[in-house]
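Going down the list, the sequences are from chains S and V.
Numbered as in the numbering used here, the first sequence ends at 187 without a single skipped number.
Numbered as in the numbering used here, the second sequence ends at 796 without a single skipped number.
If you are wondering where the hints come from, they were derived from the structure by calculation, not from laboratory data.
Simulated restraints on C-beta separations:
hint: 1; chain 1: V; residue 1: Trp433; chain 2: S; residue 2: Pro180; range: 34 to 42 Å
hint: 2; chain 1: S; residue 1: Thr136; chain 2: V; residue 2: Val470; range: 18 to 26 Å
hint: 3; chain 1: S; residue 1: Pro180; chain 2: V; residue 2: Ala680; range: 51 to 59 Å
Some chain S residues close to chain V (C-beta under 8 Å, calculated; not the full set):
hint: 4; residue: Asn14
hint: 5; residue: Ala32
hint: 6; residue: Phe124
Glycine residues also receive a C-beta, built at the ideal position from the N, C-alpha and C atoms.
Residues per chain are reported as follows:
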Amino acid sequence: MTVAATTLKYQIVNRRLGLWLFMVSESMIFLALLASRFYMQGTNRPAEVNQTLGLIITSILLLSSFTANRAEVAIAHGDRSSFLRLLLTTIGLGLVFLAGVVTIEWPEALHFAPPSTGYGTAFFALTGMHAFHVLTGVFILALAFLKGRRGGYTVDDHWGAEASIVYWHFVDVIWVFVYPTLYLVGS
Amino acid sequence: MSWIKGLLFGIVGFVIGSGLMLLVGQRRASEPMVTVGYIFFLVAWLLGVGVWDHWARGWFGLENKPTPTFKSHGVARYFAFSTDHKVIGVQYLVTFVALLLLAGALAMVIRLQLLQPTGILDPQTYNTVMSMHGIIMIAVAVAAVIGSLGNYFVPLLIGAEDMAFPRLNALSYWLVPPVAILLVVGSLLPGGFTSGWRVYPPLAERGGISMLLFLIAFLTFGLSSIIGGLNFIVTIIRMRAPGMTWGRLPIFVWSIFCASLLSLIFTQFVATALLMELLDRVVGMAFFAPDQGGGAILYQHIFWFYSHPAVYVMIIPGFGLLMEIVAHFSRKPLFGYKYAVGALLGIVGLSGIVWAHHMFTSGMQDFLTAPFMLSTELISIPTGLVFLVTLGTIWQGKLRLTTPMLFALGFLFNFTIGGLTGIFNADAPTDLQLHNTYWIVGHFHYTIMGGEIFAFLAGIYYWFPKITGRLYSERLGKLHFGIMFVAFNLLYAPMMIAGLYGMNRHVATYPPELNGINMFISIAGFVLGSSFLVFIYNMATALRRGAVAAANPWQLRTLEWQTSSPPPEHNFSYAVRVNGHPYDYGVDDSTHVAPATGAPMPAAAPAAE
Ligand SMILES: [Cu+2]
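Construct all of the structure, not just a fragment, from the sequences and the given hints.
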């Protein structure tokens, strides 16, 4: 192995550690918001919360984590066309999720829990903060897609793709905590 | 160059961002317009100062331009986007010493006001001055040591070429100027800052647009310190030279590691608390409106959950500098190195479970008082260990009373008083009386100013020859220390006494019977302020015509002294290999750095006495 290869490998481990630390730090925002939801409102939840929609968008987001994972496996094996197809699917699912939250759920919630109420504050702050992370995730996945289409990734060096996908998983895991807190807890 | 381009880009960004908000129907100078405009300003400013040229082009498949190299035209490189940790360290150092002096000047204004029971300023102006002094000093205390001395010396001390993420390092520095711009602009707007640096609701939520600028400035600063913390952690875990085991890590590096852990995890909480206030203000949410279903003291819980650990972000690097300098200038191994490391990690571990000791008078549930009292007092155990380590190191040492050593010893004295007076604030029964008086002001200035700022000055004097390649006047350095140490104690001890007589903080006036003691405090304050003139004069003359510093003027063992002053672009001209403990002065046949094989050593081998 050449010296350059070992340095690249070493650097990728640095970056991986950096990304994980970033995610640890970032989850603290959600920890504070989740704790605030219970501090302000206990387990109070309005009956009008749209359970069907919640379930659908949650499933879509979890599905996108699966396609993201397949995309990573594909590029790690040098299968560029599958990588691009799966990544595009992931981006599409992410956008559907975003549309579900912003264009359907938010207008509904404005009626039964406007942001000037306790539950509404928690609801809009948590879904909004999460949607912001979904948006940045989609943006980074799109950058990875463009780079992949230019042939920018190899089996040994596909850090950008890996990072965007790991971040995407992070966004999904956060939703796994946000969803029950807003949709399922209490009555 | 970077500054001008960044500002131009930033202004264009602000126009675009705020214009977009006008298009969607927001009023001119409304809060959403200013907020979105600022976000665009910030992104454009960063792109302008160099993120675009040296970083972001790569994301879009373009060729990145090379960053200015070390040799490019002297002073100019400090105004440009550089990824060299030494350049960034100096950028931080100069920026934060300037901010320290600015906030110090504001303190002089406060003392001028308090010379008389009813001073010269109206209450609102006074509050703005006090809030500016507070927030700038908080920023200095959080970032001055870590950003400047940490950036410059952590890579050197662990034998690395640079930080793990040099571009991220530059980013964390370039986030600082917008903070300063926002604060200065905000303080001049009508309304000013009225809420002190803690920006408690509802005052902070109901103040004018200047309060909005304060909130987004604070948020931006938080982002900078999170990024910096992340970078230090990865650097210290991954970039150590061969042989630099965790057990041989200089204690200053350990302290930066611990402080970085705290910034990485806890800063997000203050960011969230500020964001909640922003959402309450800009979008009309109800986080801190109990009548609408929010929580009245929710803000205080989240805010102090960060802001207590933040005092350790401030003081742990101070502890690191204290032990580092005391070990070198006592010419003895650091006494109980493992206990010192354990103490720092212990403080990190306890820091997250003590926050409500700031809230004994807030009206929180009574059952919280006793546990938080207990956990707070537990912290005196690791802190006490740091003191034992320092005293054990000094004991029977061959003390060299250089300027940095004097500042370190001053730290030891001041922080002892700061720590002992803290017990009365940790105990709820006494705190109920002392809360919100000048006792508190005196106490925390004893810890942060008498502790961390003394350590910061010790560090500047300690490493000045390394950074600049020049020697300062020891005589003037000692004069600075003498005036500052005496004036400091004459300033803050009476302040605590004034607090015991019931003088309230955050108030522009006070009862006439406290006039005498306040005049005394103010005069001591002016003397303390003037001691910095000696400091500036000493540094300025040393830079211009100080004697040239050798690579290792004090014959010390750690790595930064085993390279030229200032160090070359990639720090060492030989392959660094560490083979011993950094502080084993006087231990037979012990070295810290193995003699280089092949490449010549640039400096004399470390001397063991
Ligand atoms: Cu505290």
